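**Student:** Now for the letters of each chain:
2 protein chains.
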Amino acid sequence: MAKAAASRGIEIIEGGSATSPRGFVAGAVYAGIKAAGRSKLDLGILASDQPAAVAAMFTRNTVKGDAVLVSQEHARNSTARALVVNAGISNVANGARGRRDAEEMCMLAAAKLRVGAADVLVGSTGVIGRPLPMDKIRAGIPRIKLGPDGGHDFARAIMTTDTHPKTMAVGFRAGGRGYTIGAVAKGVGMIHPDMATMFCFVTTDAAVERRFLRRAFRVAVGDSLNMISVDGDTSTSDTAIVLANGAAGGPAIGAGSPAAAAFERALRHVCTAMAKMLARDGEGAEKLIEVRIEGAATDKEARAAARTVTASPLVKTAVHGNDPNWGRLMMAVGRSGARVDLAQARVWLGNTMVYRGKPLPFDEAAASDELRREEVLLRVNLGAGRASATAWGCDMTPEYVHINSDYTT
Amino acid sequence: MAKAAASRGIEIIEGGSATSPRGFVAGAVYAGIKAAGRSKLDLGILASDQPAAVAAMFTRNTVKGDAVLVSQEHARNSTARALVVNAGISNVANGARGRRDAEEMCMLAAAKLRVGAADVLVGSTGVIGRPLPMDKIRAGIPRIKLGPDGGHDFARAIMTTDTHPKTMAVGFRAGGRGYTIGAVAKGVGMIHPDMATMFCFVTTDAAVERRFLRRAFRVAVGDSLNMISVDGDTSTSDTAIVLANGAAGGPAIGAGSPAAAAFERALRHVCTAMAKMLARDGEGAEKLIEVRIEGAATDKEARAAARTVTASPLVKTAVHGNDPNWGRLMMAVGRSGARVDLAQARVWLGNTMVYRGKPLPFDEAAASDELRREEVLLRVNLGAGRASATAWGCDMTPEYVHINSDYTT
Numbered sequence: 001m002a003k004a005a006a007s008r009g010i011e012i013i014e015g016g017s018a019t020s021p022r023g024f025v026a027g028a029v030y031a032g033i034k035a036a037g038r039s040k041l042d043l044g045i046l047a048s049d050q051p052a053a054v055a056a057m058f059t060r061n062t063v064k065g066d067a068v069l070v071s072q073e074h075a076r077n078s079t080a081r082a083l084v085v086n087a088g089i090s091n092v093a094n095g096a097r098g099r100r101d102a103e104e105m106c107m108l109a110a111a112k113l114r115v116g117a118a119d120v121l122v123g124s125t126g127v128i129g130r131p132l133p134m135d136k137i138r139a140g141i142p143r144i145k146l147g148p149d150g151g152h153d154f155a156r157a158i159m160t161t162d163t164h165p166k167t168m169a170v171g172f173r174a175g176g177r178g179y180t181i182g183a184v185a186k187g188v189g190m191i192h193p194d195m196a197t198m199f200c201f202v203t204t205d206a207a208v209e210r211r212f213l214r215r216a217f218r219v220a221v222g223d224s225l226n227m228i229s230v231d232g233d234t235s236t237s238d239t240a241i242v243l244a245n246g247a248a249g250g251p252a253i254g255a256g257s258p259a260a261a262a263f264e265r266a267l268r269h270v271c272t273a274m275a276k277m278l279a280r281d282g283e284g285a286e287k288l289i290e291v292r293i294e295g296a297a298t299d300k301e302a303r304a305a306a307r308t309v310t311a312s313p314l315v316k317t318a319v320h321g322n323d324p325n326w327g328r329l330m331m332a333v334g335r336s337g338a339r340v341d342l343a344q345a346r347v348w349l350g351n352t353m354v355y356r357g358k359p360l361p362f363d364e365a366a367a368s369d370e371l372r373r374e375e376v377l378l379r380v381n382l383g384a385g386r387a388s389a390t391a392w393g394c395d396m397t398p399e400y401v402h403i404n405s406d407y408t409t
Numbered sequence: 001m002a003k004a005a006a007s008r009g010i011e012i013i014e015g016g017s018a019t020s021p022r023g024f025v026a027g028a029v030y031a032g033i034k035a036a037g038r039s040k041l042d043l044g045i046l047a048s049d050q051p052a053a054v055a056a057m058f059t060r061n062t063v064k065g066d067a068v069l070v071s072q073e074h075a076r077n078s079t080a081r082a083l084v085v086n087a088g089i090s091n092v093a094n095g096a097r098g099r100r101d102a103e104e105m106c107m108l109a110a111a112k113l114r115v116g117a118a119d120v121l122v123g124s125t126g127v128i129g130r131p132l133p134m135d136k137i138r139a140g141i142p143r144i145k146l147g148p149d150g151g152h153d154f155a156r157a158i159m160t161t162d163t164h165p166k167t168m169a170v171g172f173r174a175g176g177r178g179y180t181i182g183a184v185a186k187g188v189g190m191i192h193p194d195m196a197t198m199f200c201f202v203t204t205d206a207a208v209e210r211r212f213l214r215r216a217f218r219v220a221v222g223d224s225l226n227m228i229s230v231d232g233d234t235s236t237s238d239t240a241i242v243l244a245n246g247a248a249g250g251p252a253i254g255a256g257s258p259a260a261a262a263f264e265r266a267l268r269h270v271c272t273a274m275a276k277m278l279a280r281d282g283e284g285a286e287k288l289i290e291v292r293i294e295g296a297a298t299d300k301e302a303r304a305a306a307r308t309v310t311a312s313p314l315v316k317t318a319v320h321g322n323d324p325n326w327g328r329l330m331m332a333v334g335r336s337g338a339r340v341d342l343a344q345a346r347v348w349l350g351n352t353m354v355y356r357g358k359p360l361p362f363d364e365a366a367a368s369d370e371l372r373r374e375e376v377l378l379r380v381n382l383g384a385g386r387a388s389a390t391a392w393g394c395d396m397t398p399e400y401v402h403i404n405s406d407y408t409t
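Chains as they are written, first to last, in our numbering: chain V, 1 to 409; chain X, 1 to 409.
Read the hints as simulated data drawn from the structure, not as lab findings. Because the structure is a prediction, the values reported are computed rather than measured. Take the hints with a grain of salt, since some may be wrong.
Repeated chains share a single entry, so a pair holds when one copy, or any two copies, can fit it.
As the list claims (entries may be wrong) - Derived pair list, reagent style SDA-like, types lysine to any residue, alpha-carbon separation capped at 20 Å:
#1 Lys-40 x Gln-344
#2 Lys-300 x Gly-337
#3 Lys-136 x Arg-173
#4 Lys-300 x Arg-60
#5 Lys-40 x Pro-398
#6 Lys-112 x Ala-35
#7 Lys-276 x Arg-292
#8 Lys-300 x Ile-10
#9 Lys-358 x Pro-131
#10 Lys-136 x Gly-171
#11 Lys-136 x Asp-369
#12 Lys-136 x Ala-387
#13 Lys-276 x Arg-99
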């Protein structure tokens, strides 16, 4: 995927981060919200020197964190200047004070940056149902040192149980001009096990029309972050935000611009790469699973089938055990509600076809080897139409259960 | 539950089975479909001496086993005489021969019983994508000895990876007459790990009008078997069937009958008891989890919230670890799409209230003890209305992953 995209004019920036695009700065401190430990940063700011066009997508969980609710409001403005994010406590279900605390975080960051509080978006990730230690946040925000190299510290500050920070940047050229897109995300891990909360923040120095940015981001997120699953449990805090500050110069990219296609391609590349990083680092996971559904009657059914396979405990455990038990794939696509024509359907484990209208004889050892890879491909043609979709997940291991059943509160 | 229901005129028949109601016989043999082992029965017949009113419900998985497809057709007739069931191979996704084999199983049982093939329903459970060994089934069916004590053998014959057979019977009186309802079900286990396929077969000697039987069964199954989850993966072979043969005499029970309410109550009692037996025996499970949702805006939302909690890996692992991490309950009810008013919501772990519009201080050791029971009660009032629902599941253990990732094919 990375190489294919790179061949289409997208260049991976080695050591890149969310502050690789021009005009972005970031920084982080350890405020004492997380238990002191390996990753001693838990409060960060990512800011643009100038107002940036903003597009944002949030969790569809009906129980939303207060940071999500405040950011939703602030993202309705045409531009934004900064994100302030803490890890360790997610500020969900804290009663009336949750809302006040989320707003105060924006105000504290806004005062530091000398911008309006409504220009700041906020994220909180970690345990549900504990109040934010606002004294620590009030003391911490002024201590954050912002700089163009701060993207990596910011990536560490938003981690909860991730095993490593996730950040990257790519460059691309369009219309004779060079642009950069950076991104930072967090997934799940093992320091303070709680729910899987997903953040993905994307920055770019491209000037982008807000409407086009929102549509392009919705499409890119829809095919990337919205197609990963670690355990099927949707967080109360999922947040994806893109900021486009125009520091690269040139006219704003819109639907008809010469640079539109290149921008969309690069944005999709970054979102997909971040999504795969999150899935691969799923709690306890040892493998990345890529599920390709073809031959679906509709796009919606293709997506549902792909996501259901990635979320199926029986598929995830079979992959963990290198068990070429393809019947579980059949069960999962059928459970999704997608139409399946069993007489036309085809199933592959990696490159080994195991079903074509009926079970095929296959070399079980070879099929098992297909599952023994670090990246496992599962492919099903539903035989019901022409729509397709790809989703990513990870295997389920005994470690997943250990991580999430350890007594931690 | 059992005692409450028992006080309303329902009497548990000790050692009861699906052949406790008058006029039912059953039997089973080891045909060699399952690997020889601990439970050496794998092919059984349950039959009524006289035509029985029939109601049946099948999996909504779009990939259906051929036994399901054949039984769906046969259940459209007003009466049925028998079920023939094998375990070890589920006869799903076997191409054109799957259908022929399912029909031949009905014909073989029909020939033995001297009834029409369309009067026989068929069930197959086990591995997907392997053909039925029809030579063994042709040799096995004539060897089955049917008798009024055969219910327990039949219960053993339909097990795949269940750790124990699941069967029962209750008696109740209505309109001066005594009636019996028997049942047999299978869930999941550890002999030949594959997908969770659910069977529940109910027998009664009551004479019941077919339309009333279908409605009463739909309601009873909807609140019992359709409210359990072991791993969220819907089988391709789920089948629930009730046969009412009228051997107890008296007029057929219909919507307006004096016996209608007592019959519905007893049917619901049996279905609920069987559902809880299945959930408790979930693969690797150590605990039964009962989830009660109250204060939902609609019945549909109450059911969705209850089922989502029972299927959430994060809730299931927290219960396994006795971790009073109630935030995961909040996440799960929100993920279901049910409306939640956080300012009005209440959450209990067992009898310990942990949230009431905001987090409450609670004794963590006591709350942990509530999760340390064999039957764990989780209760959430969504604060959004008056609807309620109850669902059952089980904890997720490392053993669940071991069972399902062992290389078995």
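**Student:** If the cut is 20 Å between Cα atoms, do Lys-300 and Gly-337 qualify within a copy, between copies, both or neither?
**Tutor:** both (10 Å within a copy, 18 Å between copies)
**Student:** Please sort Lys-300 with Ile-10 into within, between, both or neither, judging by C-alpha distance up to 20 Å.
**Tutor:** neither (29 Å within a copy, 47 Å between copies)
**Student:** Under a CA distance limit of 20 Å, which applies to Lys-358 and Pro-131: within one copy, between copies, both, or neither?
**Tutor:** Between copies only: 10 Å across, 56 Å inside.
**Student:** Cα distance capped at 20 Å. Does Lys-276 pair with Arg-99 within a copy, between copies, both, or neither?
**Tutor:** neither (32 Å within a copy, 41 Å between copies)
**Student:** Have a look at Lys-300 and Arg-60 and pick one of within, between, both or neither, based on CA distance no larger than 20 Å.
**Tutor:** both (17 Å within a copy, 18 Å between copies)
**Student:** At 20 Å max between alpha carbons, let me know whether Lys-136 reaches Arg-173 within a copy, between copies, both or neither.
**Tutor:** neither (43 Å within a copy, 68 Å between copies)
**Student:** If the cut is 20 Å between Cα atoms, do Lys-136 and Ala-387 qualify within a copy, between copies, both or neither?
**Tutor:** Classified as neither; 51 Å inside a copy, 42 Å across copies.
**Student:** With identical chains, the pair Lys-136 and Gly-171 could be close in the same copy or across copies; at 20 Å between alpha carbons, which is it: within, between, both, or neither?
**Tutor:** neither (38 Å within a copy, 65 Å between copies)
**Student:** Since the copies are identical, ignore which copy is meant and state whether Lys-112 and Ala-35 lie within 20 Å (CA to CA) inside a copy, between copies, both or neither.
**Tutor:** Neither: 26 Å inside a chain and 71 Å across chains, both beyond 20 Å.
**Student:** Treating 20 Å as the Cα threshold, decide for Lys-276 and Arg-292: within, between, both or neither.
**Tutor:** Answer is within; shortest intra-copy Cα gap is 14 Å, inter-copy 36 Å.
**Student:** Reference check for the pair Lys-40 and Pro-398, CA-CA at most 20 Å: within, between, both, or neither?
**Tutor:** neither (28 Å within a copy, 31 Å between copies)
**Student:** Should Lys-40 paired with Gln-344 be assigned to within, between, both, or neither, using CA atoms and 20 Å as the limit?
**Tutor:** For Lys-40 and Gln-344, the Cα distance exceeds 20 Å both inside one copy (54 Å) and across copies (37 Å).
Hint compliance for this structure: hints 1, 3, 5, 6, 8, 10, 11, 12 and 13 are not met, and every other hint is.
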